[in-house]
Amino acid sequence: MRDVEQKMIERAAALLQNGEVARVVGWKKGEFYFDPAPAVFETVDELKDFVYNGFCGANLSKYLIKVSKNEGKTAIFMKPCDSYSFNQLVKEHRVDREKIYVIAVECQGKLDIEKIKANGVTAVTNVEENGDKVTVSSLYGETVLDKADVMLGKCLTCKGKTHQAKDEDIILHEMPAPANNRFDEVAKLEAMTEDERFAFWKEQLQKCIRCNACRNVCPACSCLKCVFDNPSSGVAAKANDDRFEEQLFHVIRAFHVSGRCTDCGECSRVCPQNIPLHLLNRKFIKDIDGFYGEYQAGETAEGKTPLTSYKEEDLEVSDVFKGEGK
Amino acid sequence: MQDVTTGNKEFKPNIVAFCCNWCSYAGADLAGSSRLTYPANVKIIRVPCSCRVNPMFVLKAFQQGADGVILCGCHPGDCHYVTGNYYTRRRMALLFSFLNYMGIEKERTRVEWVSAAEGAKFSAVMNDFVKTVTELGENKRLTDLRVKEGK
Amino acid sequence: MQRIGVFICWCGSNIAATVDVKKVAETIKAEPGVVYSENYQYMCSENGQQLIKNAIKEHNLTAIVVGACSPRMHEATFRKAAEAAGLNPYMVEIANIREHCSWIHKDMDEATEKAVVLVRTAIAKVKLNAPLMSGESPVVKRALVIGGGIAGIQAALDIADAGFEVDIVEKNATIGGRMAQLDKTFPTLDCSACILTPKMVDCAQHEKIDILSYSEVEEVKGFVGNFNVKIRRKARYVDETKCTGCKICMEKCPSKKGLNDFNMGLNTRPAIYIPFAQAIPNVAVIDPEQCIKMKTGKCGICQKFCGVGAIDYTQKDEFIDRQYGAIVVATGFKPIALDNFNEYGYADNKDVITSLELERLMNAAGPSDGVLVRPSDGKHPKVITFIQCVGSRDTSGCGKPYCSKICCMYTAKHAMLIREKYPDTEVHVFYIDVRTPGKNYDEFYRRAAEQYGVDYIKGMVGKVYNVNGKLMVQGSNLIDNEQITIESDLVVLATAIEPEPSVRKIATLLTASIDTNNFLTESHAKLRPVESPTAGVYLAGVCQGPKDIPETVSQASACAAKVIGLLVKDKLKTNACVATPDEMMCNGCSQCANVCAYGAITYVEKEFRLGGGKTEVRRVVSVNPAVCQGCGACTVTCPSGAMDLKGFSSKQIMSEVEAICKM
Amino acid sequence: MTKQERIDNLLRLSGTDVKKCMKCGKCSGRCPAFNEMDIKPHQFVSLLAQGKIEILLGSDAIWNCLSCMACVERCPRGVAPAAVVEAVRDTVVRAQGKNGLKAEDIPQIVDEFIPQQLLVSAYRKYNK
Amino acid sequence: MFKIRKENLNDLYAKISESMGLYIPIKKAGEVNYHVWGEGKEVSLETLKTVRSPKDAFFPQTENMMKFKTEGKNIDIIDVRDEKRPFVLFGVKACDYKAIEVLDKVFLMDPVDTYYKARRDAITIVTLACSKPEESCFCSVFGIDATAPCGDVTAWLDENYLYWQANTQKGEELTGKVSALFEKGGEEEVKSQQEQTKTILAKLPFATLDLSRFKPENLNELFNAPEWESLSEACLGCGTCTFVCPTCQCFDIRDFKTRDGVLRYRCWDSCMYSDFTLMAHGNSRTTQMQRYRQRFMHKLVYYPSQNDGLYSCVGCGRCVNKCPQRLNIVKVINTLGGKKND
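Taken in order, these protein sequences are the chains called L, U, X, F and H. Numbers in the working numbering are just positions in the first sequence, counted from 1, shifted up by 7. Numbers in the working numbering are just positions in the second sequence, counted from 1, shifted up by 3. Numbers in the working numbering are just positions in the third sequence, counted from 1, shifted up by 2. Numbers in the working numbering are just positions in the fourth sequence, counted from 1, shifted up by 124. Numbers in the working numbering are just positions in the fifth sequence, counted from 1, shifted up by 145.
Don't read these hints as lab results, they were simulated from the structure. Watch out, some of these pointers could steer you wrong.
Label-pair ranges, simulated between beta-carbon atoms [what the hints assert, rightly or not]:
1. X:K441 <-> L:H100: 53 to 63 Å
2. X:D192 <-> U:S37: 44 to 54 Å
3. L:I72 <-> U:S37: 48 to 58 Å
4. H:T480 <-> L:S239: 35 to 45 Å
5. X:P140 <-> L:N187: 56 to 66 Å
6. L:Q213 <-> X:K24: 41 to 51 Å
7. H:N452 <-> L:H100: 41 to 51 Å
8. L:E181 <-> H:H426: 55 to 65 Å
9. L:E181 <-> F:Q220: 51 to 61 Å
Covered stretches of chain F, going by a simulated chain X footprint (3 or more residues, C-beta under 8 Å) [as the list claims (entries may be wrong)]:
10. 141 to 147
11. 153 to 164
12. 193 to 201
Every residue, glycine too, gets a C-beta built ideally from N, C-alpha and C.
Produce the entire structure from the sequences given, and follow the hints as far as they go.
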């Protein structure tokens, strides 16, 4: 990946230098190898902190809402999955496509430091990526782990390695094939009884601390003011005072992004309590596919979403539970 | 918090019915003028079109202690606003499927198309829905316990 | 805080027999916000209304709740009463304690308890009511009719007769449409031209009607009462104001091999032509694809011969902008292409023709001067076979799923006319069903079978094939359960009709919805059959669905009545209960515009103050209250809740929910 | 098997919706083997729709249908009469416990006037 | 000092639970947080950092304050507080214990927050020394000894035993209740564990953070530092850092409409939220940068300037681990404080 990173820095520097773009959105190195943070680079000098490695899992597209309001063009590095969110944002007029220069970058699947630590490795000081192995150094010694075991959840159900939007690309190595298993977990839950499902979600959602990280990171949640922050919406709520609050928050959020959620998986990545929030959104995606025909939000930057279109012969609500395996 | 035993014979579910002004509300009126009875625990809220019903209203009803929520609108193709109920159909199909996915009893939610001429259907639907929800018992999964504190 | 008055109606014994109205009125007195509560035998009566008016004044009520019959009955009555007492009419809510309570419950306690809840629910709502005002928008007193067929002509005449300006935009060089091509009309068999051309002339002479022939609608902006329409006047290369219609150019034109569209391509016409003798306007037009001068630069004969100097080879398309208060769409139909029906041999046999072609063949002004001859050899056909439902009622994907409605009748007409004029001709009709609802229609069809001896065969044709110039029509005779083959000289296909394809573009321009068959959708199938869901747009003729001339004319006149009803108003009162966006919360995502059936939602770039002297330009939603019908589809689509509906706001509905659940 | 089950079975085997038939007779109008068939293509659809399957199961037409699919091709309603014929034929063949047809049996079933096309199609259709 | 075999800990929990509540790290749905102990629950004392800190034992995320009961046009105000049952908060790490000191200063100074005090008084705290600190830990920077936390009782855990030492009257009382389960001894083992842990603590990457610039006299300079822009640019404005933080103490008071009135409750709030301290005129901090700055200035400058130099960060490292975009207080300290080695 070093070569990819090097190429990215070169391109970013060139674009900044020749004035084609005013800024570049990418990742900046942190205190360790495994904590790069999203960042905006405005000068070539700042690029010395630019980094692109296995821990650059964050989806940068949402930052464009804010950044692209500034003068001049903005270049952004995008992984395949991020490009879906980007298209969706363009479709919803949140980002002006004309003002963005998309550099598609390759992705070999990103890593999850929490999963590494869950392997009993603690006091991690460094991580090295070697193909499908990951070498973790810690104050207590060195451990070699299989990459597949410590990848971000969203990468394990990767929906494709094709960028849906790009102006140029930096793809130096072949990317792994998509996983094609996105709906397995949803199907597993569907196969449970109502009681089991209720118990599952009750336990999961009870962990919720209403930090709003899932909402704030979500590229589909781009409202200027969320209904849950708006006292006049009738559903404003701040805390997890009751089990219902959690359900309300998560049901409404999932509904609001339904048909618009690209399944980028950021909600689950950022949840401090590791609630599998993507399984909520993914249920909507699965149902939309099943009821109204396959639809992938963000595949294009145009057209209506499944919830803003209809067919006369659509499934009746009363038939929702009649179908097999629904 | 009070625990009401489900299956209690005295249990009378609280049903919120959203009816579109042009078909179903008129259908309910016809049920009335035809003296077709249905239980008193069904209360109707008039909306211009079934597509006015926000999922938040449905959840609000459950939060506030409703035991069942039913939406009634014009038959697909007959919407006074041409396409409103087509959107309702998609929204509610997805919402109800989703609520069931979260473990909420699917029998608590329903969408029925009732035209202004279908007073008998309105009454039959309400009778059936009340019966179904009564058998199901009190809504415990999607209620806000704080609401019921004072009960 | 609202000062609410509650009025409980007995409705004689209709309510009072099952609901303890006094108890309801008494209980409700304790509700926060309620300052007055009363019950009365008939609230809707003069006295009852007076009681309400008095209470509003005496107690300074800011809002009232009437517990009575369905709001569909008397909401308007009580709103008027409130308005008379100086209250905004939208500060009234009705608790339906009759249809939804007293009439369906038997137990007095139960019904009374429910009535209290229903009244409380109405109180919960009315507390959040705000005075609403209907907006006003001016009406441009001019109508646009798109399409100059019989539907457009009739609508234009009716509107113009009422004193309003009307423009007819017709894409062809003349008005008249399909009806001008017909020979006779059922069920009276009068000559089509005889009844149509006087109307065409009326149009041309009417001082209120402006015929924009050879023109198309390019752009439509605005809304009911105030449409801005851009019209393309296609270059006809002949000055309309100068041409006298003398036809000398037609005679002299050396390029005479153009297919004559008016005669369904059965003969030819010159490059400069007037579509038919009675064309309105009676002005020539040049087909630039055919004209030698336009193609090669050499020729110019017509120009030479034109006595008035009307020919102008350099003419360009022009655009004009006009304002209209209402638009009638009357774009008509065309027969479908028969590419998917090889079995009838239409493409391979000249003597397999469509019914519209037969019309031209039988028309005295047609290519054969009204003598029925075979297109192949000009001989008189002795055996003629008609095939019904060609492409109609076809769900296989080859044709149209609907019944074209007019074919049964015109085939009976054709059969009858042929048998009358050429009694030696054998006429067979293969049919699936013969559909003849309508005044004197079935009688007409039976006459064809009984008096004129037309052979009706119940069954469908499987194939038509040519054996030595004879058309072999093989089909089933279901009544006799046999397969028969009829040796015919002429085969006539009752071809399905479909909306004129240009209607798609027009529907898009008008944001009028269109169904899967390209028919324009009416606002309500039964109760608003001539209105499109887009306010101010009306539908006449086959663009809305298959129909015959009488029906088309009725619909056109109905359209005219609606248009007149609109244009007589100086100002339109807009619906008060319309969608209302909060620009501060709108992020411009366009989801709401996607679900609006009326095109009431647009977006504007607007500057907002951010504080600290900074500003920001944002794309935000804008609702046109003159167009919004208040369904609320947009409100649910908006995730941020920036869109709300006046009169049915989210907060109002949620407090109704809360009130219901409180019991 | 009850009669209804047998009807359902035929409906399932044919995979066609006989209720869609609008009784226009175009199938029979097109059928090249019409005169060889005691039960006509449109009757196959109609009789199955009415549940009169004994007539169908006893018909000779199932052996005379060319399986040329002209009826299927021409039906304006997307009904497949030939599929009904085939379903009936399969049912009869199966009931006879045969799982196919030998070439030598064919002359006993078909007569000498049968067109060549039918013989070819016979191999196709009986070779289950 | 007492000790008890690890396999007998369940008896200890059961014994405590007989007379008091027991609040202890329990694994539920994959995550370890403080929960009330019960038979069959999966206790995880080994977990170094619970997702949420133990602060919600006395400062719960939501707490009902009073109720307004309406009947017709009458309103009654009802105190919804009940008698707080005594309970034990078990397994508190040194950093989290220090955080309680920070919270006490806020809630117990005049005017005393009686809701907080009632819970605080009812709690007996059993701390647990750390033996396996991780890279995100930096409590030592704030002078905290992770190997010897205080509290009413201090406990140490190794492979075989839990060691127990009462420090206060409350601690002695608790010890009295459960002493039957204990054996004496453990001083040696504890000592060797402490030494071992200290060598790791010294090696931790953040052990050398330099706080010297975070002083009241540098307030203006720090406040106006241009680096805040780049430090905060990736901030999502979520409340993760504040909600996992053991010292964040901001709350909001809200009303909830119940069936027969209004329930007034308070709940955690986050200075990261755009509606935090929202007033009628609008918000005093309009950008995320301002909100971000507020949080860290409060931790490192404002709070210490009012509390004799006590920082309101305790180096637990939760925000380091949990920030979705990997922003954290360490990056702030390094950027504005200057690295020692630079």
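Now the hints, each set against the structure:
K441 of chain X and H100 of chain L have their C-beta atoms about 56 Å apart, which keeps the hinted 53 to 63 Å range intact. A hinted range of 44 to 54 Å holds for the C-beta pair D192 of chain X and S37 of chain U, which are about 49 Å apart. Distance hint check: the CB atoms of I72 of chain L and S37 of chain U are about 55 Å apart, consistent with the given range 48 to 58 Å. Distance hint check for T480 of chain H and S239 of chain L: the Cβ-Cβ separation is about 40 Å, which falls inside the suggested range of 35 to 45 Å.
Taking 56 to 66 Å as the suggested C-beta distance range, the pair P140 of chain X and N187 of chain L conforms, at roughly 60 Å. With their beta carbons about 50 Å apart, Q213 of chain L and K24 of chain X fall inside the hinted range of 41 to 51 Å. About 49 Å separates the C-beta atoms of N452 of chain H and H100 of chain L, a value consistent with the hinted range of 41 to 51 Å. Between E181 of chain L and H426 of chain H, the C-beta spacing of about 58 Å keeps the proposed range 55 to 65 Å intact.
Taking the beta carbon of each, E181 of chain L and Q220 of chain F are about 59 Å apart, inside 51 to 61 Å as hinted. Chain X is given as covering the region 141 to 147 of chain F, and this holds because 3 residues of the stretch bring a CB closer than 8 Å to a CB of that chain, at least three being needed. Counting residues of the region 153 to 164 of chain F whose beta-carbon sits less than 8 Å from any beta-carbon of chain X gives 6, enough to reach three: the coverage restraint holds. Residue count for the region 193 to 201 of chain F with a Cβ under 8 Å from a Cβ of chain X: 5. That meets the three needed, and the coverage hint holds.
Checked against the numbered hints given earlier, this structure breaks none of them.
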